[in-house]
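Here is how the chains run, residue by residue.
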Amino acid sequence: DQQVKQNSPSLSVQEGRISILNCDYTNSMFDYFLWYKKYPAEGPTFLISISSIKDKNEDGRFTVFLNKSAKHLSLHIVPSQPGDSAVYFCAASNTGKLIFGQGTTLQVKP
Amino acid sequence: KAGVTQTPRYLIKTRGQQVTLSCSPISGHRSVSWYQQTPGQGLQFLFEYFSETQRNKGNFPGRFSGRQFSNSRSEMNVSTLELGDSALYLCASSPGDRENYGYTFGSGTRLTVV
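Going down the list, the protein sequences come from chains A and B. The first sequence maps to residues 15 to 124 in our numbering. The second sequence maps to residues 428 to 541 in our numbering.
Next comes chain B alone, as it looks inside the complex (with noise of 0.2 Å):
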């Protein structure tokens, strides 16, 4: 069974530019979460997608956006890059259902902005 797909691996990107991240979730798992991880800052939610609706949303301003296809596969994007975006942004898929927490991580994807 295949995990979670995140691409690209590695990314380099100038400051002000946007960027876009892709996440592949596990073949049937319909709910798909976002996390950033940095040094200072350990690992933060950024957001949930659930069929397609966001459900549930963390702490980041609105330059952090994402959105779920209808075949679960789900994109961030980052607008007007700043130096403390680089980090390592982070994909879990789960089946969905609150009563299971089985979230699965990708390898991430380190993003980092100069």
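With the rest of the complex left out, here is chain A (with noise of 0.2 Å):
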């Protein structure tokens, strides 16, 4: 039972476009929601957050959007730069432990 799902294995974009990470999670008990950058051999790296009572929260270029009734999260990057490639994790929460995604890799190219 995979609480949260990212269905997008991979996203590949332009530098300078916008990236979109999409999360969907079925446990309406979670009140925060993260989402963490990673890459081979190191630990996650967050990025941003949000709670559960606000519908988005925004941090230079990273934007994450959380739609309630929809279960369904998404981060936003504007613009996309190649230090950006990575994967990405969202991960849910409402008992102090993390509930991560599966993750999605994000390749920008020049």
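Keep in mind that the hints were calculated from the coordinates and are not lab data. Positions of the beta carbon are idealized from the N, C-alpha and C atoms, including for glycine. It is possible that part of the hints are untrue.
Said to hold, decoys possible - Think about it this way: if two alpha-carbon atoms lie no more than 20 Å apart in a straight line, the pair counts; the simulated SDA-like pairs of lysine to any residue are: (1) A:Lys-51 / A:Arg-31; (2) A:Lys-52 / B:Thr-531; (3) A:Lys-111 / B:Phe-491; (4) A:Lys-68 / A:Asn-41.
To be verified - Not everything, but these chain B residues come out facing chain A in the computed CB check (under 10 Å): (5) Gln-433; (6) Arg-436; (7) Ser-458; (8) Ser-460; (9) Tyr-462; (10) Phe-472; (11) Asn-483; (12) Ala-519; (13) Gly-523; (14) Tyr-530; (15) Gly-535.
What the hints assert, rightly or not - If the Cβ cut is set under 7 Å, some of the chain A residues that face chain B in the computed set are: (16) Glu-56; (17) Gly-57; (18) Gly-110; (19) Gln-116.
Taking the hints as your guide, dock the two standalone chains into a single complex.
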């Protein structure tokens, strides 16, 4: 039973364009959502988070949108840069433990 | 400010052996969580320790155990290793209060079971 799903294993975008990474969840009790970026053989690096009482949070080039009725969140990266190429994980929590999606590999082409 | 430190970075063990991994959290963080990452299952939660007590537990067999010391450092132990235990084991620390999900991950320990 996968409570957090990232249905796109990979995404390729051109430098300077927008990258949109999507995440769906099934548990309506989740009250906090996070996005992490990960390089091989390293731990995930926190990017941005959003509480379930909000529908948008912005931090520089990164914006996370939450649609609770659709149980969907998305991460927008504008403009995308080659250094953004990595695996992106969304995660959700309501008890302190993080439930991760399977990840989406983003490739930003110069 | 020092980050989350995990030791060792790499480990090779034989099936049937046991292994202990160590995690030193960010200074002042009282919560330490452990995760397992494998290609097939992704990132999965093992357990969380807060003030030397296990506060949360994932769906792993009893061969996986942990503890936390008074200085918040944590160890994870896996007994009777199986080939399927080969994975990247990640530790994350946070201040620990429920309103703050500021999890910071270490670089992980890559365990290979042969």
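Verification of the hints:
1. A:Lys-51 / A:Arg-31: This hinted pair holds, its Cα atoms lying about 19 Å apart.
2. A:Lys-52 / B:Thr-531: 12 Å, holds
3. A:Lys-111 / B:Phe-491: Holds, at about 17 Å.
4. A:Lys-68 / A:Asn-41: 17 Å, holds
5. Gln-433: 8 Å, holds
6. Arg-436: 9 Å, holds
7. Ser-458: 7 Å, holds
8. Ser-460: This interface hint holds because 7 Å falls under the 10 Å limit.
9. Tyr-462: 8 Å, holds
10. Phe-472: With a minimum Cβ separation of about 5 Å from chain A (threshold 10 Å), the hint on Phe-472 of chain B holds.
11. Asn-483: At 5 Å from the nearest chain A Cβ, Asn-483 of chain B passes the 10 Å test, so the hint holds.
12. Ala-519: Holds - the Cβ of Ala-519 of chain B comes within 10 Å of chain A, reaching about 8 Å at its closest.
13. Gly-523: 8 Å, holds
14. Tyr-530: Hint on Tyr-530 of chain B: holds, closest Cβ of chain A at ~7 Å, below 10 Å.
15. Gly-535: 5 Å, holds
16. Glu-56: 5 Å, holds
17. Gly-57: 3 Å, holds
18. Gly-110: The hint holds - Gly-110 of chain A has a Cβ within 7 Å of chain B, the shortest such distance being about 6 Å.
19. Gln-116: Status holds, d = 5 Å.
Checked against the numbered hints above, the structure violates none of them.
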